[in-house]
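Here the protein sequences line up with chains A and B, keeping their order.
So the first sequence is numbered by my numbering: it starts at 1 and just counts up by one.
So the second sequence is numbered by my numbering: it starts at 347 and just counts up by one.
Just so you know, not all the hints are guaranteed correct.
Said to hold, decoys possible - So, partial list: chain B residues that the calculated Cβ filter (under 7 Å) puts toward chain A:
1) G526
2) T529
3) L530
4) D536
5) P562
Claimed, not checked - So the derived label-pair ranges between C-beta atoms look like this:
6) B:A699 - A:A190: 31 to 41 Å
7) A:W112 - B:R808: 56 to 66 Å
8) A:W112 - B:R641: 18 to 28 Å
9) B:D573 - A:V236: 23 to 33 Å
10) B:H785 - A:P339: 36 to 46 Å
11) A:G32 - B:K386: 53 to 63 Å
12) A:W112 - B:D638: 54 to 64 Å
13) A:H24 - B:A469: 30 to 40 Å
14) B:D431 - A:R43: 29 to 39 Å
15) A:Q4 - B:A658: 44 to 54 Å
16) A:D233 - B:R616: 23 to 33 Å
17) A:Q4 - B:A699: 32 to 42 Å
18) A:T224 - B:A469: 27 to 37 Å
Note that these hints are calculated values from the structure, not bench results.
From the three backbone atoms N, C-alpha and C, an ideal C-beta is built for every residue, glycine too.
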Amino acid sequence: MSTQGDDHTEPLTEAVAAASNSGHCITIAGSGSKLDFPAKPERVCTAGHEGVVDYRPDELVVTARSGSRLRDIESVLEGSGQALPFEPPLFDGRGTLGGAVAAGLSGPGRPWFGSVRDALLGVTIVNGLGQRLTFGGQVLKNVAGYDVSRLMVGAYGTLGLLLDVSLRVRPIPQTTVTLARECVPEVAAALTRGLLHQPLPVTATAYCGGVLRIRLSGSNEGVTHAGQSLDLDLEVEDDAFFQSVRDHAHPFFLDPGRLWMLSLPPGTAFDESDTLAEWAGARVWWRTDAKADAVREQARSAGGYAMPFPALPGEAPAPVAKYMRRVKTAFDPANILNPELLPRAD
Amino acid sequence: MRNPRVIKLLRDRLPADSVVTDTRALTPFETDGLTAIRQKPWVVALPETVEQVRAVLQICRDNAVPVVTRGAGTGLSGGARPLSDGVLLTLTKMNRILELDGEACVARVEPGVPNARITEAAAPLGLYYAPDPSSQIACSIGGNVAENSGGVHCLKYGLTLNNVLGMTVQTLEGDELVLGGKTLDAPGYDLMAAMVGSEGMLGVVTEVVVKLLPEPFAKRVLLAAFDDIRRAGDAVAAIIRGGVIPAGLEMMDALAINAAEDYVNAGYPRDAAAILLCELDGTEAGVRTDVDIVRNILDEAGAVEVRIASDAAEREALWRGRKAAFPAAGRIAPDYYCMDGTIPRRELGRVLAEIGALSERFGLSVANVFHAGDGNLHPLILYDSNRPGEIHKAEEFGSEILKLCVARGGTVTGEHGVGVEKLDAMCAQFTDAELEQFHRLKEAFDPAGLMNPGKAIPTLARCSELGGMHVRGGALPHAELDRF
Chain A
1 MSTQGDDHTE PLTEAVAAAS NSGHCITIAG SGSKLDFPAK PERVCTAGHE
51 GVVDYRPDEL VVTARSGSRL RDIESVLEGS GQALPFEPPL FDGRGTLGGA
101 VAAGLSGPGR PWFGSVRDAL LGVTIVNGLG QRLTFGGQVL KNVAGYDVSR
151 LMVGAYGTLG LLLDVSLRVR PIPQTTVTLA RECVPEVAAA LTRGLLHQPL
201 PVTATAYCGG VLRIRLSGSN EGVTHAGQSL DLDLEVEDDA FFQSVRDHAH
251 PFFLDPGRLW MLSLPPGTAF DESDTLAEWA GARVWWRTDA KADAVREQAR
301 SAGGYAMPFP ALPGEAPAPV AKYMRRVKTA FDPANILNPE LLPRAD
Chain B
347 MRNPRVIKLL RDRLPADSVV TDTRALTPFE TDGLTAIRQK PWVVALPETV
397 EQVRAVLQIC RDNAVPVVTR GAGTGLSGGA RPLSDGVLLT LTKMNRILEL
447 DGEACVARVE PGVPNARITE AAAPLGLYYA PDPSSQIACS IGGNVAENSG
497 GVHCLKYGLT LNNVLGMTVQ TLEGDELVLG GKTLDAPGYD LMAAMVGSEG
547 MLGVVTEVVV KLLPEPFAKR VLLAAFDDIR RAGDAVAAII RGGVIPAGLE
597 MMDALAINAA EDYVNAGYPR DAAAILLCEL DGTEAGVRTD VDIVRNILDE
647 AGAVEVRIAS DAAEREALWR GRKAAFPAAG RIAPDYYCMD GTIPRRELGR
697 VLAEIGALSE RFGLSVANVF HAGDGNLHPL ILYDSNRPGE IHKAEEFGSE
747 ILKLCVARGG TVTGEHGVGV EKLDAMCAQF TDAELEQFHR LKEAFDPAGL
797 MNPGKAIPTL ARCSELGGMH VRGGALPHAE LDRF
């Protein structure tokens, strides 16, 4: 199955090749849903390079052009009862496939359904030399050559312009319910930790504003039994809460103030106000005016990392950053692709 | 060039029994699981600590000696084949489980820990490590990382890359890279993605953090027999389309079924053209629903018989034949050559028919046993190495199968790696520009080119000597990409 769409493979390849030949820098953007880039250097947009190139529900694989709107891809998949496993934020429908891969953004179900990286099977890119290259493929298992495809996740287009992306998809569960209860942070943390140890069909958790929410997905019978076995005095809600968290449309995300994304070990109890904890405690959104160093230190002492959001590639420890720069050079020797978005040494 | 000074330096820095140079003692190290290829190493180093690993790498760097890293030596593609003038860095002595974190559900382990030992250690916490390659009792987690190992449960639980959260890597230049950790994400490039499956070409993994999962409440195994192999292939697609993701979905053809029956008497239907084994897991209620769905699909797909195993003993009986399939094939022919191509599932029936035609052309039988759920074929080419020329015929047949996999939109290796075995096949799958990109990525980690040289990625010269082998055009547009 494929959908109509404009194939900009040639002009996009030529744009990078021209930059490579002349040595001038370019900024790669999708629809601009996440980052507001400066007008200079020259901008190359994948928006418009759209369409599902190949979709076979039997194979659980979809291949689409990078400028495709995630919402459009999801609606094609929905027709066959399938979805993108990593629940990327759709950003009012503006979010593109290439943007989701480049920024490495996954939604509420990530610990259970996997991340962008887990779903990614293959890519076609244009590297900084203007060469069009294909890595990975449309099969679930593939160990031929280094895993270049997954290196593109979270690389913000600094290693290559994404043209086509192949992803694994998943069946949409028969039933999804959200259970909720009010509780203090200590209780929420203990309950969440307990969930990690039970093979229940949990597919999301969140603690925000004194309310713990647990999402269950699966067969009708499986979800009903799981809900009963939890026996936590939980109330049933619809899916609106987790949809709004996924799309960053929940009021928490709309408040003013600096937003940080903390990646912590699963089960961490991170006790600060103005937080939204999801992924069984493995990701905490924190709105704070605290100094950047203090936020980073607090994340580090909890065993994790803090990144400002919208997230930039971030800071890596010195020896790791050295190899990241060399990887950049391996793909883009003249440093022409999104030069400001390189990972830095902390 | 063998510089005796290197041996002395190694002896200075490592315990006495950790440096092996005696010819007889080197024999066990001359091959990995790809036993057709043998080469004695110059010297084997068996470090016990990270410091000793770093010392070995420093000595190799200072003296420009190539180093091949080895785990348990169960790899099937010759990735750990030693070099006659190189150090074989063997990590089996680094086999401690450093931490079991029941709260975050992770384990931190040294690279030499056997895969199955992680699950054994985590079992008291009700947790397990999901990837289970068939060699799991012996193979090491470091080797699993190097090869991105799979197993029968990948379809639902993923490969090594989906189950490793962090690692510590020593580079030849002496840097220690701490990548990831107990968290799900880390800032910057995903260098871990490059490390997993890199076959020891980029660095030496000295610590691995793996994800542990809660043991499912319930498991069921279904066996379905078909009188036509295409129908069995279609049933696989129908199960996936039906919205069920089995924990495992395996297929065996008639030759494999009968070989397994002769060997372990698993009770498989001998007259079937193919059988499917389907494992479902989850909660009791969830599995009940899935069993009903799969059963209906199998009936509709024309299965002539469906059996359901509920308890552990029955499940074990159904898996017994599949698990014994490789040794069983070893009993019906003096030798077999195990292939590892992956294809899109929809091509299953067609590719099996084409392998059948090749089998007639080469005059060699093939038993097919494979991970049907993820399209990963393991055709076992049966041959007799005592018959002159037959091993070459088997290799030629194997390379035809791999070309076929690429032409049908698949890959030359699903889970066994390239090693030395599939270097030529890589020329069929990648263009020169893509191979050059791989070489530049290696240089980023190992500019001196001393880490496992000559493996995994062929040189352009090698590919051009083979001549126009690019067969990708059979399935994909733009077979010959533009160059700039």
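The hints, checked one at a time:
About 10 Å separates the beta-carbon of G526 (chain B) from the nearest beta-carbon of chain A, more than 7 Å, and the hint is not met. Annotation: interface hint on T529 (chain B) holds; nearest CB of chain A at approximately 4 Å, less than 7 Å. A distance limit of 7 Å between C-beta atoms decides the matter here; for L530 (chain B) the minimum to chain A is near 5 Å, and the interface restraint holds. The restraint placing D536 (chain B) at the interface with chain A holds, with a minimum CB-CB distance near 6 Å, inside the 7 Å limit.
Annotation: P562 (chain B) was flagged as interfacial toward chain A, and the flag holds, the nearest CB pair being 5 Å apart, inside 7 Å. Checked against the hint of 31 to 41 Å, the C-beta distance between A699 (chain B) and A190 (chain A) comes to roughly 57 Å, which is inconsistent with it. For the hinted restraint 56 to 66 Å between W112 (chain A) and R808 (chain B), the CB-CB distance of approximately 44 Å leaves it violated. Taking the beta carbon of each, W112 (chain A) and R641 (chain B) are about 26 Å apart, inside 18 to 28 Å as hinted.
Between D573 (chain B) and V236 (chain A) the beta carbons are some 48 Å apart, a value that contradicts the proposed interval 23 to 33 Å. As the Cβ distance of H785 (chain B) to P339 (chain A) is approximately 24 Å, the hint placing it in 36 to 46 Å is violated. Between G32 (chain A) and K386 (chain B), the C-beta spacing of about 60 Å keeps the proposed range 53 to 63 Å intact. The supplied range of 54 to 64 Å is broken by W112 (chain A) and D638 (chain B), whose beta-carbon atoms lie about 23 Å from each other.
Taking 30 to 40 Å as the suggested C-beta distance range, the pair H24 (chain A) and A469 (chain B) does not conform, at roughly 59 Å. Under the hint 29 to 39 Å, the C-beta atoms of D431 (chain B) and R43 (chain A), about 52 Å apart, miss the expected range. Q4 (chain A) and A658 (chain B) have their C-beta atoms about 52 Å apart, which keeps the hinted 44 to 54 Å range intact. Taking the beta carbon of each, D233 (chain A) and R616 (chain B) are about 56 Å apart, not inside 23 to 33 Å as hinted.
For Q4 (chain A) and A699 (chain B), the hinted distance range of 32 to 42 Å is satisfied, since their beta carbons lie about 34 Å from each other. The supplied range of 27 to 37 Å is met by T224 (chain A) and A469 (chain B), whose beta-carbon atoms lie about 29 Å from each other.
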